[in-house]
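Chain B: place on chain A using the hints.
So the sequences go chain by chain: A and B. Start counting the first sequence at 1; every next residue gets the next number (this note's numbering). Start counting the second sequence at 1; every next residue gets the next number (this note's numbering).
No lab work stands behind these hints: they were computed from the structure. It should be emphasised that the depicted structure is a prediction, and the values quoted were computed from it without experimental measurement. Please note that a few of the clues may not be correct.
[What the hints assert, rightly or not] Heads up, simulated BS3-like pairs for lysine-lysine below, C-alpha to C-alpha not over 30 Å straight-line:
(1) B/K151 x B/K130
(2) B/K149 x A/K53
(3) A/K53 x B/K42
(4) B/K149 x A/K209
(5) B/K149 x A/K138
(6) B/K95 x B/K149
(7) B/K11 x A/K68
(8) A/K137 x B/K149
(9) A/K68 x B/K45
(10) A/K277 x A/K143
(11) B/K25 x A/K209
(12) A/K16 x B/K42
(13) A/K209 x B/K160
(14) A/K209 x B/K101
(15) A/K2 x B/K160
(16) A/K53 x B/K163
(17) A/K277 x B/K151
(18) A/K99 x B/K160
(19) B/K153 x A/K16
(20) B/K101 x A/K23
(21) A/K98 x B/K160
(22) A/K16 x B/K25
(23) A/K68 x B/K95
(24) A/K137 x B/K151
(25) B/K153 x A/K23
(26) B/K115 x A/K99
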Amino acid sequence: MKVSYYPGCSLHATGKEYDLSVKAVSSALDIDLQEVDDWSCCGASSAHMTNFKLSVALPARSLIAAEKNPGDVMVPCAACFNRLKTAQHHLRRDESLKKEVEEIVGGTFHDTVEIRHPLDIFYNDIGTDTIRDKVQKKLAGLKPVSYYGCLLLRPPEICQLDNYENPVIMDNLLNSIGAESMPWSYKTDCCGGSLTLGKTDVVVRLVDKLMTMAREAGANCLVTACPVCFANLDMRASENVRLPTFYFTEILALALGLEGPESWFRSHNTDPRPLLKSLNLL
Amino acid sequence: MATFLEEVNEKINGVPIQACYHCRKCTAGCPVAFAMEHNPNKIIKMIQMGMRDEVLNSSTIWLCASCETCVTRCPNNVDIARMMDVLREIAIESKVPVKEKRILKFHEAFLSNIKSGGRINEPMMLVNYKLRSGDYFSDMAMGMSMFMKGKIKLISPRTKDMKSVRAIFKSTGA
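Bound conformation, chain A alone (with noise of 0.2 Å):
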């Protein structure tokens, strides 16, 4: 299948190991990306926090350009999926906001291109029973919980992506390739976000508690599917209670015996190689 790609800023810089294993595993599912071309940020929190129009501006100027591409449009980073979302919503439902962005933008919006998230493609589109058969190493023994975060699922009516009190398909992913996801309360618990460098205690203290609650549960990795959740999980949790955190599709490369994760895993904050040298899965 032919898809369009969005990395957003995020997995060209310190979400790499994220563009790298999505590229791998899009790739070993016969989905081919092709990137959007000359796309521009998505302004994240800081746009719409501080001003609503260039909050849409922003994102519907890269959405013009993604319909230039065949297919949907692949959006791996929470943040940009649900910002080009939202603006997609407020296009759809506003047209005097639409003539004002498309004005501003200088090009048509012409809503032809669905926004969708890899956990979407690979879970409904590809399907577990095609990962499954083509799994090379069980992950026998990783005992992940699910961190779905905020931005995938919130608010659901324009996320749309699964349950948003008690999603179910980056679990049944997870399972579908060996490992054993642990249930757990805070699948949707906020880590805080873009507060890390202006008010970084709070998110310290999010983050602490989602580990904590991850032991709690008997898990011993966090798997995520958003750059901005990674890294708060991956460099701010305190020493005594931090576990090793994944990119759900490192895992899934990792399973399926592709080219990558060691290099991926070696630029984690939090090493995850120990955990899974001491489970015969590297």
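Just chain B now, with coordinates in the frame of chain A:
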């Protein structure tokens, strides 16, 4: 002249906030409420009471992380997350003293980085944030470690058509 309540409702452009009946579900689910000066539902009441300065000067509006738990769970569909965005916008426009300066400095550094390259260049954005906030020394060791791991690249690809990006910032007054 419009009241503060009318001003906020007009900018939200959705369910008027007086639909709130103070069940406090927003506050119960808010992950940052523990650090806030006033809880989310209290902010709604304060707006209704016309307490403009107290609301705009409060740390609450900057601490909201926009996790959207409040609006997702509100039985009356009051968009509290959007309300917080609106309050930040009004605070910036009115030039009131900002309680959580570093959070605003972060947003300014972030947006100025997009304005100059179309995409975020993390090291430049960080330097810009540090210069604006005066928070020079935190996270230095982590920054070095990330640099050594190749996660921080001094030069990263920019958007080519910067004219269109700059036009967006100009027309939206950002």
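Against the structure, the hints come out as follows:
Distance restraint check for B/K151 and B/K130: the Cα-Cα separation of roughly 19 Å lies within the 30 Å cut-off, and the hinted pair is therefore satisfied. Straight-line distance between C-alpha atoms of B/K149 and A/K53 comes to about 37 Å, which puts the hinted pair past the 30 Å bound. At most 30 Å may separate the alpha-carbon atoms for a hinted pair to count; A/K53 and B/K42 meet this at roughly 27 Å. The hinted pair formed by B/K149 and A/K209 meets the criterion: a straight-line CA distance of about 27 Å does not exceed 30 Å.
Under the criterion of a C-alpha separation no larger than 30 Å, the hint pairing B/K149 with A/K138 is consistent with the structure, at around 29 Å. A C-alpha spacing of about 41 Å is found between B/K95 and B/K149, which places the hinted pair above 30 Å, so the restraint is violated. The hinted pair formed by B/K11 and A/K68 fails the criterion: a straight-line CA distance of about 33 Å is larger than 30 Å. Between the alpha carbons of A/K137 and B/K149 the distance comes to roughly 27 Å, so the proposed pair stays at or under 30 Å and holds.
At most 30 Å may separate the alpha-carbon atoms for a hinted pair to count; A/K68 and B/K45 exceed this at roughly 47 Å. Under the criterion of a C-alpha separation no larger than 30 Å, the hint pairing A/K277 with A/K143 is consistent with the structure, at around 14 Å. A distance of roughly 21 Å separates the Cα atoms of B/K25 and A/K209; the hinted pair therefore holds under the 30 Å criterion. Between the alpha carbons of A/K16 and B/K42 the distance comes to roughly 41 Å, so the proposed pair goes past 30 Å and is violated.
Our distance criterion of 30 Å between C-alpha atoms is broken by A/K209 and B/K160, whose separation comes to about 42 Å. For a cut-off of 30 Å, the pair hint linking A/K209 to B/K101 stands: about 26 Å separates their Cα positions. With a C-alpha separation of about 25 Å, the suggested pair A/K2 and B/K160 falls inside the 30 Å cut-off, and the hint holds. A threshold of 30 Å between alpha carbons decides the hint, and for A/K53 with B/K163 the separation of about 18 Å falls inside it, so the pair holds.
At most 30 Å may separate the alpha-carbon atoms for a hinted pair to count; A/K277 and B/K151 meet this at roughly 24 Å. Of the pairs offered as hints, the one joining A/K99 and B/K160 holds, with about 25 Å between alpha carbons and a cut-off of 30 Å not exceeded. Restraint check: the Cα-Cα separation between B/K153 and A/K16 comes to about 11 Å, which is no more than 30 Å; the hinted pair holds. A distance of roughly 39 Å separates the Cα atoms of B/K101 and A/K23; the hinted pair therefore is violated under the 30 Å criterion.
Restraint check: the Cα-Cα separation between A/K98 and B/K160 comes to about 24 Å, which is no more than 30 Å; the hinted pair holds. Distance restraint check for A/K16 and B/K25: the Cα-Cα separation of roughly 38 Å exceeds the 30 Å cut-off, and the hinted pair is therefore not satisfied. The suggested pairing of A/K68 with B/K95 is violated, with an alpha-carbon distance near 41 Å, which exceeds 30 Å. A threshold of 30 Å between alpha carbons decides the hint, and for A/K137 with B/K151 the separation of about 28 Å falls inside it, so the pair holds.
At most 30 Å may separate the alpha-carbon atoms for a hinted pair to count; B/K153 and A/K23 meet this at roughly 20 Å. Under the criterion of a C-alpha separation no larger than 30 Å, the hint pairing B/K115 with A/K99 is consistent with the structure, at around 23 Å.
Hint compliance for this structure: hints 2, 6, 7, 9, 12, 13, 20, 22 and 23 are broken, all remaining hints hold.
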